[in-house]
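Hey, can you work out the whole structure from these sequences and the hints?
Chains as they are written, first to last, in the working numbering: chain H, 1 to 153; chain G, 1 to 167.
Hints are computed from structural coordinates only; laboratory data are not their basis.
The C-beta atom is built at its ideal place from N, Cα and C for all residues, glycine as well.
Take these hints with a grain of salt, some might be off.
[What the hints assert, rightly or not] Distance windows between CB atoms, simulated:
1) Arg26/G - Asp123/H: 23 to 33 Å
2) Asp123/H - Met1/G: 32 to 42 Å
3) Pro90/G - Asp123/H: 44 to 54 Å
4) Glu127/G - Leu122/H: 48 to 58 Å
5) Val120/H - Leu7/G: 24 to 34 Å
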Amino acid sequence: MRPVIPYVVAALLFGLGVYGVLRRRNAVLVLMSVELMLNAVNLLLVTANAAPLATALGRPAPAPVAPEPSSAAETAAALPYTGQAFTLFVIVIAAAEVGVGLAIVLQLYRLRGTIAVDDVRLDTHTPDRGPQATVASPASPAAPGPATRGAET
Amino acid sequence: MTTADVLMLALGAVAVGAGALVVTTRHLVRAGLYLVVSLGAVAGIFLVLTAELVAWVQLLIYVGAVVVLLLFAVMLTRAPIGAADDLDRPGWPATLVGGGTGLGLAVLLVDAYRWSTVELPEPGTAERLGTEIFGSWVLPFEVLSVLLLSALVGAIAVSVRIPGRRR
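Shown next, in the form of structure tokens:
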């Protein structure tokens, strides 16, 4: 196996994710690009688990990294699964991140009626008016639409 | 070039191609579907790299849960159906930074690994991975469960507050 192939794939995926985060306006698409970046890191971790640098170069690992193994074959046989364990951790963190991120995006949509990230003004705070009549009592006759309609301020 | 190399090259091409479509397509829903293809191809690479459990977890959580969540968000925010022109902001900086990051990392890794070969380790079992997690990484595991709980509570707390409601 040539470890350079999955490594280059991971690097390119990460670059695509960075490009997407910087380029996209839609917040959901930004979240998708973040997923691409996280996945590139996962791929990097799994590949590094299967092919650490010392093993790939066919020489024993330098002392501070792994003091014990003496030959490349021994290193490959005794590989711990640290990379894969961390991949699982990263997957869990990505799931938590996307949950909270989407909650924030939906709330932003309810508040402003748009999820374009460059329409979000961080320096000015628009008063939190929201869809007034929509969340009032259902008996209110003037309700113009569903509760998710954004505030057209 | 062994079979594993050919498989990884093909799957990597699929992953990178679908990823490029995710960040360039003008259809919002299609971006989510291309993301499925890209993540699935990465799961295939995991399988080739003998990380079976990670591959299945990737399929279950990413393709099964995260992408469905993203597609729900696309629907709930009334995304435009069909091609939309306002999804991108004009950006040479994005091309510059993204391309620079990707190509720079690629050059770094190619320089480190050259064209060397490694023996693939024997196929991983869930038992070994479980031993690793519950042996060396118990504390991060527990912290992650607290993180998941707080993310759940936080997502609910953010969502229940409807703007404009009088309290």
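Now the hints, each set against the structure:
no.: 1; hint: Arg26/G - Asp123/H: 23 to 33 Å; verdict: holds, 30 Å
no.: 2; hint: Asp123/H - Met1/G: 32 to 42 Å; verdict: violated, 56 Å
no.: 3; hint: Pro90/G - Asp123/H: 44 to 54 Å; verdict: violated, 22 Å
no.: 4; hint: Glu127/G - Leu122/H: 48 to 58 Å; verdict: holds, 49 Å
no.: 5; hint: Val120/H - Leu7/G: 24 to 34 Å; verdict: violated, 43 Å
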